[in-house]
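Here the protein sequences line up with chains A and B, keeping their order.
For the first sequence, the residue numbers in this note's numbering are 1 to 428.
For the second sequence, the residue numbers in this note's numbering are 1001 to 1086.
No wet-lab data here; the hints were simulated from the structure.
Small disclaimer: the values here were computed from a predicted structure and weren't measured.
The beta carbon of each residue, even a glycine, is placed where N, CA and C say it ideally should be.
Some hints here could point you the wrong way.
[Unchecked claim] Derived DEER-like restraints, expressed as beta-carbon distance ranges: (1) B/Glu-1018 to A/Val-159: 23 to 33 Å; (2) A/Arg-182 to B/Lys-1046: 55 to 65 Å; (3) A/Ala-71 to B/Ala-1057: 39 to 49 Å.
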Amino acid sequence: MSLPGPFAVGAYARKLQEEMRKRARVQLIGEVTGVGRSKVQAYFELRDGDGAVPCAIWLNDLEKAGLADGALRDGAEVVIAGGPDYYPGGGQASPSFSFRATDVRLAGEGDLIARLEALRKQLRSEGLFELQKQLRRPRLPKTIGVVTAETGAARRDLVAGLARRGWDGTVIWAFAPVQDRRAAPAIAMAIQDLAARPEVEAIVVTRGGGSLADLWAFCDETLCRTVAMLRVPVISAVGHERDSTLIDDVAAVACSTPTHAAEAAVPLDCLAARESLERCALALRRAGEGAIGSRSRHLGALARGPARALQRERGKLNQKIREIRAASERGLAGRVASQHRIGTVVLERARRRAVGADMDKRREALRQAMVTLRAHEPERTLERGYALVEGEAGEPLTSAAEARAAERISLRFSDGRVRARPERDGAA
Amino acid sequence: MDESERDPSVTAQPDSYEAAVERLEEIIDRLDSGQAGLRETLELCKEGKELVNYCAAELDEVGEGLKELRLDDLATRLEVSSETGA
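From just these sequences and the hints, can you work out the full model?
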């Protein structure tokens, strides 16, 4: 052996203590387990899914931290400040390593969120958020598994949600603690056992709302890795809408309430599906009957076709006959009217011709008569130098006796009258 | 059985309710289009009726009262049956 030493172990132990105490002081966050007390200090383990550190705090430091009575208890998420220490033991006392805490406080939301985000980033980078989402989820599962607390509103709400879906299949309950350090491994085991059953087609993991610390089991790395790797779809409904746990990220579906989880586990609304199915059955029946009925009517129409065509042709023929007859009658009447018009014109022309010749003759005869008549007019005689003897009333006196008998007479010449009184000589 | 020997009147069982509904919707669409001839219409109606019956049976399976089992009880039963060799 070429190593230094041998050294006295007690001296080495004290040296180790010195070296330990030189290490940087840090803060640790984790879950408290195995709390115990001695007369001078409290001791516990601080752990998370990856490991644990034994811790100790002097009672006077614990008192100065100002925690409420009983706050340092199993399951509490705490942040401690301090550094590693080593107790070298003594002649009778056993040596021990511990993280010497000088301050302790309950972990706040900020502490947990920081841890959660780091873990979320890690799992996302490994692609674990996508695996469950690629699984096929049956729309109508016959059997679903449910991991939840045996007592609690989540169980009741889930059953009510399934009832509203009209779904009355089989539920296999896997009851598990949902809030303490035992919760995460118990939930993981329940999920695995359910997934191992071939009849289970989907798994619901649910619990009611709470603080992030209350829901911390559902951010457990081991649990989330287990869920991500399952081949059965997991539906998470942890906490309320505002709560976001890591199991929501890795699950196939994350729901805000157990009622929504019921709808995600049984996507088919069975009540609506039954109504839809009845409509489909009716549509099929109508389609079948309609296809036969319409073709039957078509065939019937075809069978009646020749007679109907004959009737149609007969109708057309009759129509033609009527049209021809009407046209014929119209043509005859036209010709008669035309002949009549022609005859009238001819007769008129003949009449005109006949009347015209006659008129000429008559006009000539009339003219000659007028000439003759004028020749016999008294005026013509007077113009030749004769005179007409008229009585007082203008009546012609045609004898000497009448002239002698008249008191007064008038001698009418062609250019005027001369009144005269006949002389009475008695001889006449 | 050879494919050619299979009775064409026997329609293959759907893989799932979803597959049955999907095929049913295709059939209704085809019938609604009015393009199917008489023979095709009657065959589609027959297939559709079988799918409706299948879906109704699937719905009936989850419509006769909620059955609630406990995983612990099932595990215990499994252990007992394996111990007794049943």
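We went through each hint and held it up to the structure:
Remark: the range hint 23 to 33 Å for B/Glu-1018 to A/Val-159 is upheld by a beta-carbon distance near 25 Å. Under the hint 55 to 65 Å, the C-beta atoms of A/Arg-182 and B/Lys-1046, about 58 Å apart, fit the expected range. Separation of A/Ala-71 from B/Ala-1057 is about 58 Å and departs from the stated range, judged on CB atoms against 39 to 49 Å.
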